[in-house]
Each structure stands twice: as C-alpha cells, then as structure tokens.
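Those sequence lines, one after another, are chains A and B.
Following numbering that gives the first Met the number 0, the numbering of the first sequence begins with 0 at its first residue and continues without gaps.
Following numbering that gives the first Met the number 0, the numbering of the second sequence begins with 0 at its first residue and continues without gaps.
Keep in mind that the hints were calculated from the coordinates and are not lab data.
Predicted, not measured: the structure shown is a model, and the values here were computed from it.
Heads up, some of the hints might be wrong.
[Said to hold, decoys possible] For the chain B half of the interface with chain A, some residues (derived, Cβ under 7 Å), not all of them:
1) Phe6
2) His11
3) Arg12
4) Phe78
5) Asp80
6) Gln90
7) Ser93
8) Asn97
9) Val103
10) Gly693
Idealized CB from N, CA, C, for every residue including glycine.
Each chain, letter by letter, is given below.
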Amino acid sequence: MSQLVTRYNVLFESLKARRRRPELPKGLDRFAAAVSLRWRQRRVSDRFLRAQAEGIDALRGETAALTDAALSETLRSLRELFVRGRQDDEAVRRGLAATREVARRETGEEPFPVQLIGALALYHGRIVEMLTGEGKTLTGSIAAPLLAWRHRSLHVFTVNDYLARRDAESRESIYRRCGLTVGAIQQEQEPAARYEVYAKSIVYGTPKQITADWLRDQIRLGRLSTPWAGRRLLDESSGLGGPMIPGLRAALVDEADAVMIDEGVVPLIIARSRREDDMAETYRQAAALASKLEEAADYRIDHLRRRAELTRRGRERVAGLRAGLSEPIWRAARRAEELVRQALVARHCYLLGRQYQVVDGLVVIVDEYTGRFLADRSWEHGLHQAVEAKQGVDITADRETLARMSFQRFFRMYPVLSGMTGTIADAAVELRRVYNRPIAIIPTNRPVIREAWPTRVFRTAEGKWNAIAVSIGQLHAQLRPVLVGTRSIQASEQLSAMLAARGLPHRVLNANHDKEEAELIVSAGAPGVITVATNMAGRGTDIRLTQDARRAGGLHVLLTEVHGAKRIDRQFIGRSGRQGDPGSSQIFVSLEDELVRLHAPRLAALLSARTGADELSGRLLRLGVLLARHAQRRSEARDRWMRAEVLRQDDWTEKYLPGH
Amino acid sequence: MNERPTFSPFWHRVRLMKPRLRSHVQITRQRYRGRRWHVAHDPTSNQFYRLNPVAHDFVGMLDGTRDVETCWKISLQKFGDSAPTQNEVIQLMSQLYNSNLLSVDSSPETEQLLTRGRERVKRRIQQQAIGIMYFKIRLFNPDRVLTWLEPIFRPLLNVWGLAAWAVFLLFCMSRVLPHWGELASGLDSVIAPGNWGWLILVFVVTKAIHETGHGLICKRFGGQVPEFGAMLLVLFPSPYVDASSCWAFPSKWQRMAVGAGGMIFELFVACVAALVWINTAPGDLARQIAYNAMITASISTVLFNANPLMRFDGYYILADLLETPNLMQRSAQMLKYLLQRHVFRLERLQPPSSQRSEQAILVVYGVLSMAYRVFLFLSITLYVLGQFFIIGVILAVWTAAAWFLVPIGGLAHWLATSPALGEHRGRTIASTLGMIALAGALVGLVPLPDYRRGNGVIENPTRQGVFVGADGFIVEAPKRPGDRVAAGEIIARLESEELVARRRELRAVMDELRVNESQSRQEGEPAAAQIVANRIGAVADQLAEVDRRLEQLNVRSPIDGVVVGPDPSLRIGSYARRGERMCEVVNPADVRVAAVMSQSESAWLFELGPESHGVEMRLRSDAWTPVTGTKVWALPAGQTRLPHEGLGFHGGGDVEVDQRDPEGRRAKQARFVVYIEADFAALRVQNPEAVAPGERVRLRFSLPSKPILTQVIDRVQKVLQGKVNL
C-alpha cells in the first residue's frame with residue numbers, strides 16, 4: 000500500500016514536471032532573460048564564492064574534531080534545515096564543511112579549497128569549469144548531498160554507463176553518511192530495477208538513459224493531465240506501473256559540454272518496430288539498383304551533408320531500371336528516387352568501422368562522440384535498412400518514432416541545473432544561450448606541467464600512420480605509457496595491426512572491447528604500456544601513473560587525427576598531466592584525414608601540391624596546422640548549426656503542433 | 000530540383016490524431032490562374048487558409064474518426080507522387096490548427112490556445128509598432144448598421160447599378176470639363192490654412208462613405224464586416240472597415256467589387272459635389288464645401304485608394320484581377336528567391352510560384368512596390384520634416400527602422416545563422432559585402448548631376464518713374480498699366496486753373512504794356528519806351544514759363560516701354576502735385592530674374608566660381624520652354640526686404656514674411672538676393688505675354704556633379720541648419 004502511495008506521488012510529480020514548457024526566449028526577451036539571471040545571481044559573485052570557501056576551510060578544525068556520531072548528528076540537523084528550505088549561507092558553509100569531512104573520512108580524499116569553490120558554484124546553479132584532472136568527481140560529490148537535501152532528488156549525469164556505475168559506487172559511502180540513497184541507471188537494467196533506482200535520492204545515469212525513461216513515461220502518461228485520471232496506470236498488486244521518474248527537480252551534469260552540447264546534435268528518439276509492411280525486399284532492390292549507377296555520371300555525393308543527388312542521366316537510368324521491378328512502390332518516381340538516393344548515401348557515407356559495426360549479424364551504430372555502441376538505436380526512415388541491405392545482413396523491421404526530444408530541451412526542464420566540465424572554452428556562449436546558465440571558472444590547484452609537443456602534419460595518410468608507429472616505438476622504448484587516440488574503430492584496428500607488425504605490445508580499447516574497459520584503464524598508467532583507444536577513453540577516465548611511469552616522464556597522449564571539435568582534443572589530451580603529474584601530448588594530422596577532406600578539400604589539395612616531401616615543415620607546416628584548425632572550426636560551426644536546428648525544430652513542434 | 004522527402008521526423012506527433020475541420024469553417028472554391036484552390040474560412044475569427052486540391056482532398060478526409068496516418072496513406076494511393084509528404088501534412092495541420100480552423104480530438108489544449116491568443120495580441124502590437132504610419136484603432140462593429148442599410152441599397156448593387164453609376168460619372172465629367180480652368184485655379188484655396196477645418200471634416204465624411212461602400216458591397220455578396228475603426232495615416236485619421244471576409248467569395252469579380260466599392264461610392268460623392276459646385280455662386284459656403292468634397296473624393300481616391308503599390312483598395316483589386324493572391328508578400332519572397340538563387344547561388348530553393356507568367360508578375364510588382372516604398376518614405380518624411388520637425392525626425396527614424404533596418408537586420412541574421420547557407424556562408428557574405436560595396440560606390444563615389452531648386456520673379460532692372468511736372472487735377476489718362484507707350488507720348492493730362500488764370504493775367508499785362516510801349520514811341524519818349532520794352536521782356540519770360548508749366552501738365556513717358564505701377568486713370572479728378580510719382584514705364588525687353596535664398600541655401604553661390612554652375616529657368620505660365628541664365632550674381636549682404644512681393648507667402652512664394660508688413664515684402668529672416676540675367680528673346684517670340692514682370696519662375700541651378708551621398712548630406716545639413724537656427 001505504501002508503495003502504491005509512493006507511485007501515486009511519483010505520478011503526481013511527473014505530471015507536474017511535464018507541465019513546464021521551457022520555451023527558449025528569443026530576440027530581446029533572450030537579452031532580458033540573461034539580464035534577469037545576472038541580477039538574480041548578483042549575490043553569488045566570484046568574490047562571494049571565494050569568501051565562502053575560506054569560511055568553510057576555517058571550519059575544518061572544528062569538524063575534524065567531531066566524533067563520528069557527532070558528525071552524523073550535525074549532518075542530520077543540517078539536512079533538516081535544507082529539507083525545510085531554511086538553509087542560509089551559514090548553513091551552506093557548515094553543510095559543505097561537513098560533507099568535506101565525510102569525504103575525508105569515507106574515501107580518504109579531502110577536497111582542496113578550490114574544489115570548495117567549485118562545490119559552492121555547483122550548489123548555486125552554475126556551470127563550473129575545472130581543468131581536467133582537478134578532481135571534478137570529488138567536487139561533485141560534496142555538492143551533491145546539499146542539492147539532494149534541498150531538492151529532495153538529484154540526477155547526476157555522466158557521459159557513459161561505466162562512469163555512472165563507478166561514481167555511484169565510489170561515492171555511496173559519502174551519501175549514506177549524509178542520509179541519502181544512491182543508484183545508477185544502466186542500459187541493461189530491467190524496468191523493475193529502474194523503478195527502484197529512480198526512487199533513490201541521488202541517481203547517476205547517462206542523459207540517454209534518463210531522457211529515454213522520461214520519454215517513455217510521457218508515452219505512458221499520454222494525454223493525461225491529472226493524477227486521478229492516471230490512477231489506472233498503477234498496478235496495485237506489484238506497486239509498479241505509472242511513470243518511473245518522480246519529476247525533474249535538480250540536475251548535476253558532469254562533463255557538461257559533452258552532455259549538454261555535443262550530444263545535442265541528435266535528439267533522443269524512442270521507436271518501436273513497425274510490423275505491418277515488410278519492405279526488406281524493397282531495400283535490397285534499392286541497394287542493387289544503386290550499385291548499378293556510376294558516381295559522377297549518374298549521381299553526386301555530398302559527403303558533408305550525407306546526401307546524394309541524381310543527375311539527369313541518373314534519373315533516367317533509375318526510371319529504366321525500376322520499370323523491371325514489380326513492387327508498387329517503384330511505380331512512383333519520387334519515392335523510387337528517394338529510395339535509390341538513400342541506398343547511395345548508405346553506400347558512400349556510412350562506413351563499417353566508422354559509423355557502424357556489425358555485431359552478431361546486426362548493424363549497430365557507433366556513437367561519434369563517445370566511440371561506444373548505441374544498442375537499440377537505429378537510423379530513421381529506412382536508412383538503417385538501407386545500410387543493412389548494403390552490408391548484406393538480415394534486414395530488420397522498419398521502426399517508427401513514438402516520441403522524440405532534444406537533450407537541450409530535456410535539460411531545460413530541470414528548474415535547478417548545474418554542471419562541471421574540464422573544457423568549456425567555446426561552449427560557454429552556447430551554454431549561456433541554450434540553458435541560460437552562468438559560468439564559473441575555478442583556478443587550478445596545482446600547476447599543469449604537461450608538455451604539448453608540436454603538431455606534425457603529413458601529406459598522405461600512409462605517411463602519417465608510419466610516423467605514428469615510429470613515434471610510439473620510441474616512446475615505448477623510453478618506458479613511457481602511451482595513450483593513442485583514434486577517431487574510429489576502424490582506425491584503431493588498423494593501427495593495432497601496424498603495431499603488431501612492428502612487434503609492439505599494445506592493447507586496444509574500442510566499442511568491440513568494452514568489457515575490458517575498466518581493467519585496461521587501471522593498467523594504462525604502467526611503464527611502456529601502449530593503449531590504442533577510440534573516444535571511449537576521451538572522457539572521465541582517470542589513468543593513474545605508477546611510480547616508474549612518472550619517473551619515465553608520465554603519460555604521453557598521441558592523437559592520430561584532430562577531432563570534430565577542439566574540446567574533444569583537449570579532453571583527450573587532458574588524460575595526461577593530471578593533478579600535477581608529468582606528461583606530454585602530440586597531434587598527428589594528414590591532409591587526407593576525413594575532417595580535412597570534408598571541410599577544407601580545396602585548401603588541402605593546394606597545400607598538398609606545394610610539397611613533395613611526405614612531412615610538411617617550416618612555413619608549410621604552419622599552414623598545415625592552420626588548415627587542420629580551420630577544418631576543425633568549420634566542423635564545430637556545422638555541429639553548432641545542427642544543434643541550433645534541432646532546438647529550433649523542437650521548439651517549433653512544441654509551439655505549433657497540437658498535443659505533447 | 001526539390002526533393003520533398005517523404006518522411007518527417009515529427010510524424011509521430013500527428014499520426015495518431017483524429018482531427019477535423021471545425022464545424023463552422025466554410026470552404027469555397029476559387030480559381031487562380033487556371034488552377035483550382037479551396038479557401039477555408041472561419042467567419043467567427045476571420046481566419047483564412049488556402050488549400051490546393053490535393054490538400055483539400057486530404058483535409059476533406061479528416062472527419063474526426065480517421066487518424067492522420069490512415070488519411071495520408073489513402074492520399075498516397077490516390078495521388079501518388081503529388082500526394083502531400085509527411086512534412087507537408089504536418090505543415091498543413093499546424094497552420095490550420097494555429098488558425099483555429101482545425102480541432103484536434105475532443106479535449107482542447109487550453110494552454111496552447113491561450114499561448115496562441117497571447118502571441119496573436121503580441122503580433123498585433125508589433126505590427127502596429129512597425130507600421131506607425133498606418134496606426135489602426137478599432138472602434139465598433141458596424142454589422143448592424145450595414146444590415147439595416149444593405150436592403151435599401153440592394154436594388155442598386157448590381158451590374159445595372161454599376162452601369163448607371165458609370166453614365167452618371169461621364170455626365171458629371173462632361174459638365175465639369177468646361178469649368179476646368181476655374182477648377183484648377185481653386186486648388187490653392189483648398190490647402191489654404193483657413194480651409195483646413197472644412198477639409199478635415201469633408202475628408203472624414205467622404206472616407207466614411209467610402210468605407211460604407213466596401214461594407215455594403217461585402218454584405219451584398221454575403222460577407223461580414225466585423226470591424227470599423229480609424230486608421231492614423233501618417234497621423235491623419237481615416238476610417239477603415241474590415242471587409243476581409245470577401246476573400247472567401249468564389250468569384251473574383253465579387254471580390255474585386257468589394258475592393259472597388261469604396262471608390263465607387265466616393266466617386267459618386269465627388270460627382271454630386273461637382274454638380275453642386277457648378278450650380279452655386281462664388282463665395283457661397285456650400286460651394287466651398289462642395290469643392291472640398293469634390294477634390295478629396297476624387298484626388299485622394301485616385302492617388303491612394305486606386306494605387307496598387309500600397310495595401311489599399313487598388314492592391315486587392317489588382318491581386319484579384321491578376322489572380323495572384325498575397326501579391327505583396329509573395330513578390331517580396333520572389334525577389335528574395337531571385338537574390339538567393341542568382342546572387343548567392345544557393346540551390347534547393349523553391350520559388351513562391353511555379354508559373355512563369357505569375358513569376359513575371361511577382362517580379363515586376365515587387366520591384367515597383369519597393370521603389371514606391373522608398374519614394375513614399377522619402378517624400379512623406381521630407382514633408383513632415385518640413386512641417387513638424389521633431390515629429391518628422393521621430394517618424395523618419397521609426398519608419399526607417401521598420402522598413403529598412405528590420406529587413407537589413409533580418410538579412411544579417413540570416414547571413415550569420417541560416418543553416419541553408421551551410422558551407423557557402425563565406426561566399427554569400429562576400430557577395431553581400433560586394434553588393435554593399437558596389438551600392439556604396441554608386442552612392443558615395445560616382446558623381447551625379449547636382450541640382451538645387453528655387454523660386455524667382457521676373458523684374459525689370461531699369462524702370463523709369465513717371466513724375467508729375469506741375470501741380471494740377473488729373474483730367475485724362477489715356478494709357479493704363481500694360482499699355483505700350485512711345486517716348487514723349489502722353490500718359491496722363493492734368494489741368495490747372497491757376498496756371499490758366501495766371502496766363503490770362505500775364506497776357507492782359509502784356510497787352511497793356513504793348514499799348515504803353517507804342518504810345519511812348521509815338522510820343523517820342525524813347526527812354527520810357529525802353530523801360531516798357533524791358534518789362535515786356537520780363538512778362539514774356541513769365542508767360543513762357545507758364546506755358547512751359549502748362550505743357551508739363553501733360554505727363555509723358557520718358558522712354559519707349561510699357562506702363563507699370565498704379566493705374567493713373569483711377570486718379571482722374573484728383574489733384575497731383577509736382578514731383579509726384581504717377582507710375583512707371585519699363586522696358587519690357589530688358590528683364591532679369593530676382594530670387595532670394597537663405598544663407599545655407601546659397602552658400603555654394605559664394606564658394607563656386609561663376610563658370611562652374613549654370614541655371615535653367617522655367618516660367619510658371621510656360622513650363623515647357625527652358626531658359627538658360629547667362630549671368631548669376633548675388634548681393635553680398637543679406638537683407639530682409641524682398642525684391643518683389645511675389646516671392647513672399649502672400650504673393651504665392653515660399654518665403655515667410657512679416658504679417659504686419661502691408662506690402663508683404665519683409666521676410667522674417669534675412670535672405671540673400673540673387674539676380675539672374677537671361678536672354679528671353681526666343682521665349683518672347685513664342686509667347687510674348689509670358690515674359691512680364693511679376694511672372695514667377697522656377698529655377699534649377701546645376702552645380703558640379705557630386706556623388707549622391709555628398710548631395711544628401713548637403714541637403715540634410717541645410718534642413719538641420721534652417722531648423723536649429725530657429
């Protein structure tokens with residue numbers, strides 16, 4: 000019965016939360032919103048934060064002297080204050096001093112004063128920039144109890160399931176001392192387990208999981224508007240049913256730039272298989288038809304936009320070829336051409352080992368930003384089937400969208416939203432524009448002594464890969480641990496083969512080997528260990544150096560390409576030189592890299608024609624570096640447009656289409 | 000080539016809905032350019048939506064029981080490639096829904112409804128703010144009045160009524176035409192300040208009749224007129240009605256009739272007023288009012304309402320006539336399309352019309368209306384600026400912002416953020432900057448002729464006064480002003496009894512002396528005779544003097560020329576003293592033009608050498624023949640006394656003069672007097688009457704060519720200087 004009451008309560012909260020329609024202000028309104036935010040936040044200036052942090056630090060002796068029982072008592076009384084909304088600056092100071100002490104006692108890590116500033120800024124709803132390796136996890140874990148006390152439930156977002164589980168487990172003891180419960184949402188969890196996790200006061204999870212659960216809740220709730228109308232959803236015997244998520248109250252986003260910005264390019268979609276019409280044969284026919292066309296003469300591919308266009312001749316050929324097909328769908332010219340174009344796009348723009356991988360006879364999408372598999376996700380409107388047809392695997396049923404939501408919109412539904420990241424840089428403007436959140440930049444605790452070695456630019460990809468292999472060999476000989484970043488699974492496997500040919504021992508970390516992730520990372524800081532990784536290792540991974548490795552010069556991060564955004568490069572490089580450790584990094588670029596080819600093909604060709612040597616040097620090298628940066632900027636700009644587009648469409652549908 | 004992708008990522012939002020058109024929505028069929036369209040109209044909210052046949056078929060299937068997906072599939076089977084895509088269905092539904100034409104399921108989306116209502120109010124306010132030149136104030140719902148009036152007028156509102164109206168119009172025109180000169184000459188009196196009160200009253204009344212015309216015809220064909228109000232047209236109140244329900248009329252002739260209804264009624268008023276005007280005596284108040292009514296009801300109708308370049312009646316009539324709905328909006332889209340397609344070289348764009356002929360119409364209309372808009376902006380602004388300086392500045396800035404800055408800002412925003420530009424952004428921005436640079440070069444660098452205009456008056460530099468030679472009564476004046484006289488010809492004759500008496504007296508003395516003299520000679524007294532002879536000489540001298548003065552009573556012209564000045568014949572019978580100026584005689588062949596200029600206007604005259612500027616003049620009475628000035632010079636010091644009363648306000652000129660000066664020649668501000676000499680001989684051959692002193696002349700000084708920018712800055716400075724000095 001009490002469970003039913005709880006569910007009913009969840010239903011009530013969920014309905015309340017979804018009534019919020021976070022419209023994005025436009026034009027002058029946006030300006031007004033920014034001004035009003037600044038006005039509301041005026042008290043929480045950087046100086047205020049510093050003074051408060053000093054105040055907390057001053058309480059250290061006092062709290063350290065408390066016995067465990069007395070500390071628990073203090074925490075209980077503080078919690079009381081926060082739950083009742085009676086917290087003042089004094090209470091916040093004492094609260095953070097107490098959680099800091101808890102962190103010290105439970106995990107042996109004591110937050111530095113700068114981390115206290117970070118925790119305060121988080122508590123006050125800011126996006127905090129702390130350099131990589133400055134202990135964001137710890138900062139978050141002393142701010143989280145206060146937020147959870149105050150807002151009853153807190154969602155902590157991480158970039159992947161592994162981190163969610165790791166953080167939830169490693170912080171559990173702190174939260175338990177604070178009278179809070181914690182859980183982590185994992186992809187493989189069954190609904191029953193999820194209900195349980197969402198009932199905890201602090202929930203760790205990836206935005207994909209939590210947003211998907213939220214959307215499923217919405218589908219379940221349908222057009223209901225009152226809890227009374229929704230009571231039928233609840234199953235009295237099991238105490239389940241109804242929405243899972245008890246409202247969206249407060250969110251703390253780790254790696255805010257990745258979660259709140261990079262992932263915003265693609266909205267989250269809940270889909271289910273459509274059974275009615277079986278089009279498998281049609282997709283195969285389209286793929287066969289597409290393979291008969293010639294590039295340039297019959298069609299042109301726009302790799303950047305992933306679009307194919309038929310020439311006049313191509314259209315005539317399609318018309319001739321489809322005449323021999325009996326399915327009714329081939330009778331209409333427009334739809335037929337659309338299918339052929341889609342097959343062409345699948346053929347040229349979606350490549351095995353880059354955009355997808357075949358696992359157990361299924362096409363699985365690889366996430367561009369995290370390098371991980373996106374199980375259960377498929378491309379829309381037959382593209383997935385076109386890729387399957389091209390790949391020659393069984394064609395799955397077409398899926399239809401049930402619900403769709405952009406992450407930008409989802410995060411805006413939280414009335415309290417704060418975040419942390421190592422690399423805010425160019426994301427600051429967008430964070431402010433989309434989420435209207437102020438930013439706090441936290442100074443480093445220890446100076447970074449990581450060396451950035453000069454970027455090397457090559458004319459051909461082959462030259463680049465050879466040079467990379469040579470460089471890895473040299474570093475290996477110096478007994479330094481090396482982390483090699485690649486942009487795709489395919490590239491990581493290719494490099495692995497090259498290294499194997501040279502007799503260099505190494506390990507590969509990509510979506511194909513995600514089971515060994517934790518173990519690979521633990522040993523990645525040992526002397527002479529070579530780890531070839533996709534973006535999977537780019538965020539949140541804490542590679543700890545052994546004493547010998549530190550003496551050998553620390554971790555060297557070698558990037559084999561520039562990524563689509565500078566921030567991702569910086570994140571990857573941030574794996575070395577953590578908390579004052581020694582380390583170094585170097586980027587290798589070739590004029591044949593995908594990014595350069597897509598975004599600056601003409602300039603690359605010009606530069607390539609200017610040199611005979613394989614590696615650029617002198618003035619040409621400088622030009623090459625500029626070119627790579629230029630391509631990167633264009634890619635960043637393009638992603639920005641895409642996110643803006645997602646947001647615009649999202650707002651448009653909310654505003655102009657009936658229903659939710 | 001447009002791809003029209005079949006699927007939309009947002010399909011899930013609509014596919015299971017079971018919407019239907021709201022029950023009171025009426026659909027009428029219309030034809031545009033040979034194609035069938037269906038107009039959905041909600042009479043309660045006056046919202047419209049135009050559907051093509053395929054969309055109409057689709058909407059027709061939405062009956063509240065079938066879901067959108069089912070209807071879409073049926074449509075796909077029925078129409079194949081021309082069936083709407085998912086995206087088009089979503090667009091269609093959202094537009095119908097947001098126009099309140101579509102109801103979705105049973106429960107109303109209260110929140111969205113409210114939001115939409117608020118948005119609509121906000122949009123309305125924004126439009127009002129932008130269109131400050133056309134500010135609308137709603138007053139009341141005229142439906143009841145029109146319902147009462149309509150049956151009365153009904154017998155007239157048909158083709159026969161129109162024919163009768165046309166006949167009446169022609170009849171009135173034939174009656175007015177003989178009075179054309181009188182008609183035209185009265186125009187000045189309409190804008191005279193004393194008439195303003197009547198003018199405004201008459202304007203408001205005729206416009207109210209105009210609007211009633213729209214309303215009645217709209218009602219006649221079954222439409223509704225839910226709104227009557229006042230529109231502040233450039234701050235001038237003018238009534239309006241909302242007859243937009245006529246857009247749902249199936250026949251384009253009916254729609255055009257509603258559009259033309261206002262003008263038909265107003266021209267009728269003008270005709271009646273014309274008849275009144277012809278049949279009343281000058282000085283009659285009825286005649287003055289009739290004249291005002293005639294002028295406002297005809298001129299304003301032709302200038303404003305019939306003008307299709309502004310969103311008044313003419314525009315809607317033209318749009319229906321050409322069967323191009325949303326003419327203005329779509330022509331703007333068309334120009335934008337052409338710009339994007341040919342200048343920015345963007346692909347995958349859809350022109351607002353696929354018919355070649357319609358595209359041509361859109362382009363022509365778009366260019367014309369844009370040019371007209373600029374013209375209107377400049378002329379209204381300059382006019383208001385001249386009248387009410389501060390209001391003018393505010394109005395100009397506001398309108399410039401609404402008409403020019405907002406579109407320019409929109410362009411900048413589009414250039415900076417439009418995803419359509421994609422990787423062409425750099426190129427597009429470059430070509431935009433190129434165009435701006437080109438326009439800037441045209442405006443800022445390419446020298447164009449610089450003209451300054453002014454008003455002048457013909458005057459004679461040499462005028463000879465005609466003076467009375469001796470005191471006397473004027474008895475005869477054979478010459479009147481304007482008469483030619485030869486040198487020595489008598490202009491007036493005076494008589495003086497005193498002189499005549501004196502002569503008689505002297506003659507008597509003379510006769511007596513002559514007698515005395517001959518007596519003395521006969522008596523042999525030579526000395527005495529000599530004395531008498533001397534006296535005779537003296538008297539003879541006196542007599543000669545009297546005779547000369549008698550002769551001087553004939554006032555003669557000193558030179559060959561034309562008599563000007565006061566009419567001597569008016570003074571017949573009055574007494575004139577010697578030395579008094581009777582009139583003047585001027586040489587008509589010897590004329591020059593006098594003009595005045597303010598300090599800022601004439602600054603260039605002192606800066607430029609005489610060889611670097613020219614002047615062209617046109618007489619008011621003969622504007623077709625230009626005369627070139629041969630010499631221009633200015634008096635180096637400003638003065639307040641005008642060289643001719645014809646330059647001041649009272650004489651029809653443009654210089655403000657002191658009201659207290661009876662001559663109307665004292666200017667309120669000091670001006671520079673400029674003289675221009677010219678050879679009027681050629682003109683005089685053609686039109687001997689025209690080149691008369693006092694005739695007004697339009698001057699056009701041509702200065703050295705300068706870029707437009709410099710010219711505009713010069714002129715703005717001129718206006719500002721003039722105002723700031725005040």
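Comparing the hints with the structure gives:
no. : hint   : result
1   : Phe6   : 4 Å, holds
2   : His11  : 4 Å, holds
3   : Arg12  : 5 Å, holds
4   : Phe78  : 10 Å, violated
5   : Asp80  : 4 Å, holds
6   : Gln90  : 9 Å, violated
7   : Ser93  : 4 Å, holds
8   : Asn97  : 6 Å, holds
9   : Val103 : 4 Å, holds
10  : Gly693 : 60 Å, violated
In terms of the numbered hints stated before, the structure departs from hints 4, 6, 10, listed from lowest to highest.
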